[in-house]
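If you read the sequences in order, they're chains H and X.
Quick note: the first sequence uses my numbering, first residue 1, plus one each step.
Quick note: the second sequence uses my numbering, first residue 1001, plus one each step.
FYI, nobody ran anything at the bench for these hints, they're computed from the structure.
Where a beta carbon is used, it is the ideal one built from N, C-alpha and C, also for glycine.
Be careful, since some hints might not be right.
Stated by the list, open to error - Residues from chain H that keep clear of chain X, each with C-beta distances beyond 12 Å, as calculated:
1. F104
2. V133
3. I155
4. V312
5. P363
6. L386
7. Y388
Stated by the list, open to error - In silico SDA-like links for lysine to any residue, alpha-carbon gap of 20 Å or less:
8. X/K1104 - X/E1196
9. X/K1164 - H/L113
10. X/K1164 - H/Y116
11. H/K255 - H/V387
Stated by the list, open to error - Here chain X is said to cover these stretches of chain H; the calculated rule only asks that three of the stretch's residues, wherever they fall, bring their Cβ under 8 Å from a Cβ of chain X:
12. 20-26
13. 49-55
14. 160-169
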Amino acid sequence: MTSHELPHPIRQTPFFTKGTIVLAILAGLGVAAYLYRMIAGLEASTNLNDQYPWGIWIAIDVATGVALAAGGFTTAALADIFHKERYHVIVRPALLTAMLGYTFVVIGLLADLGRYYNVWHPMLPSMWQGDSVLFEVGICVMIYLTVLYIEFLPIVVERFKGRVNLPGILGIFNDLIESFLTIADRTLGRFISLFIIAGVVLSCLHQSSLGTLMLIAPTKMHPLWYTSISPLLFLLSAIAVGFPMVMFESILASKSFKLKPETSVLASLARYVPVLLGVYCAIKVVDLAMRDAWGYVFDGSFESIMWLIEMVGGILIPMILLSSEKFRNSVRWLFVSSALVIVLGVALNRINVFLVAYTPLYPDGVYIPSIFEVMVTVGLISGLVLVYRLLVMNFPIISGEESGPDRGRRLTKTPIAQEVRQGN
Amino acid sequence: MAINRRNFFKLAAAGSTALAVGKAHADDSGLTVDCSDNYGVLVDTAVCIGCRRCELACDQEHTKSGRPPESFDDKSVYEKHRRPNKDAFTVVNEFADPAKPDDKYTMKVQCMHCNDPACASACLVGALRKDAAGPVVYEEWRCIGCRYCMVACPFQIPTYEYDKALEPRVRKCTFCYERITEEGQMPACVAICPNEALTFGTRQRLLEVAHYRIKSHPERYVDHVYGEKEAGGTSWMYLAPAEFAHTELPRLDHSAIPTLTETIQHGIFKSFLPPLALYGLLGLIMHSTREKKDRSEESSNHD
């Protein structure tokens, strides 16, 4: 029925290349800055103060990190709930991104928390505070991260069941892990659907609630972003960025591992993006009009420029690009437009909401992140890419075919492949 | 007296919990709890002489910064606007109506102890809470250090011990919680105030006093009790000789700050119905599309 390959560990490329060595150095610097923050404290390592309690660790590592991990639940919804079978090839990469994305969100969050060792407190019923938006976000993220690990278990089972062979002294755990994988294998198949749906519901809840967070500071927020439908906008933009994130990664991975890009799958996935962006954009514009806030768009302030970059560069341009079949069938344009949605449409939006829109009442200068804050953020992103690479090289996640040596180089011009149908 | 007072607070706590359960909106504040019996302080800036004794008393009671007492006599600090910080829970600043720049008046700022505090609504582990006696209390052992309270506070009051790598605390005026609830005393700043610019009492009584003063001396005060309505009302309230816009106190709506976020949160989680409905809907879709797929596969097998 199909010649398409099943997911398999990608082994023909070495782990270390020029690019990954640079990433490893950045990740190493990030670890050093992270340790410095833990030892020296927030005052020494950050530019946070009483006027600016939140910086890039919240805006980028946490808020943007969660938004960009949305590919996990949108892809799961598309392939496993709506049963669009051809998209099954991207479910595992998207799941891995979400799992690693949320894991790194938590690592980033721990750097920001003054008492990171109390991060488990929201799990205690005696600490629950149901009025708090942050409580809901925290609980949902905790449960969702667990769900993601459970969803990833079948991949571990597939790779290691019957083959657990830990080195040296760890060998004593072989039988234990083997029986755990066997039980997981027997039970998961029956219940995995429940977890997949739970993952989508949990995502909808906390993606939107991240947009509620700043609504508690009405007097400090710029009117361009302060709207009571902020949670809806956060949810819609998370849904809209899910597929671009999958496209972006898939193209990067196929380039890095010299695989044939999944152009046909990505091109048809890209058809959804202008629709999702269009809904998000329309609601954003109508909301602005209803709040009579158009004046702020053209007042030439820093905020207005940031808002326009977000709307034009991150929403309108990729929306127009991906509406055209010609651009959708070009790997290069798929890459460019998904990058625009990711960086300008969503990452910049989260930075705008959490940093640009926030003006304290008694500012004493503006907040500019310290070198350590930047090092930790860059280090986390680099670390995430490295772990992603390590895992796709060792687990059956990507199902791409190896391309010939010359095709690898002509990657961006690959014509649309015969429609690939993943059967099962 | 002290014992009676303690019992009174236990009763008050039980009463306010009951009120919180049976939510009812009384005015435009969106407030659900009656705070008129809470303790509060009325700050009369027309009477304040800017002696900074309140800063000294607060430092000796709480922050214990080690600054010598004489340093609090220094009036040159008024040249620069100051804000409370982790080493000073209250500070006095000097203001004037720009139309009458020579008529300077001084004003103490500290935590306002809101009736419906945004910091407490924001805190995910309940480390900040509005005590039935009035103070907004911080329990540091609960705190995870997320600093969302600082984002939320409409008066920008909570400050943080950024310098501590371990056990950093949110720092702000405590309203001398133990002194007023257990020792039956007034807050340290009120007790020391030489000119009775600070009046301690129940919120309802203080409002009567405030409006009486405005009525008896209309030439001395602007007709506005700051904190009576602002942000749903606060335990600490102010009288001033000129518009509050000339001071550092922010212009705020009458609605309580957390109203919007709590409405959204409680709407989404109403008896957990919306999430469960979404779960059910997705389950239905999953089930029906799966059947369709099976059927189409069957038919293609037959062909």
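TODO: Could you check that no beta carbon of chain X comes within 12 Å of the beta carbon of H/V133?
DONE: At about 5 Å from chain X, H/V133 fails to clear the 12 Å cut-off, so the statement is violated.
Task: X/K1104 paired with X/E1196 [C-alpha distance capped at 20 Å] - done: Holds. X/K1104 to X/E1196 sits at ~18 Å (cutoff 20 Å).
Task: Straight-line alpha-carbon gap X/K1164 to H/Y116, limit 20 Å - done: holds (13 Å)
TODO: May I ask you to check that H/P363 keeps its beta-carbon over 12 Å from the closest beta-carbon of chain X?
DONE: violated (10 Å)
Task: Exclusion check [H/Y388 not at the chain X interface, CB over 12 Å] - done: Correct as stated: the minimum Cβ-Cβ distance to chain X is 28 Å, above 12 Å.
Task: Given as non-interface: H/F104, partner chain X, CB spacing beyond 12 Å - done: holds (18 Å)
Task: Outside-interface status for H/I155 - nearest CB in chain X farther than 12 Å - done: holds (21 Å)
Open item on the list: Three residues or more, CB to CB closer than 8 Å: is that satisfied between the stretch 49-55 of chain H and chain X?
Closed with: holds (count 5)
TODO: Would you check whether the claim that H/L386 is not at the interface survives, using Cβ distances to chain X and the 12 Å cut-off?
DONE: Given a closest Cβ separation of 28 Å, the condition holds.
TODO: Tell me if chain X covers the stretch 20-26 of chain H under the three-residue, 8 Å CB rule, please?
DONE: Coverage by chain X is violated here, the residue count being 0 at a Cβ distance below 8 Å.
TODO: Verify the coverage statement for the stretch 160-169 of chain H against chain X, using a C-beta to C-beta distance below 8 Å and requiring 3 or more qualifying residues.
DONE: With 0 residues close enough to chain X, the hint is violated.
TODO: Mind checking the alpha carbons of X/K1164 and H/L113 for me, to see if they're no more than 20 Å apart?
DONE: holds (12 Å)
In this structure, the hints that do not hold are numbers 2, 5, 12, 14, in rising order.
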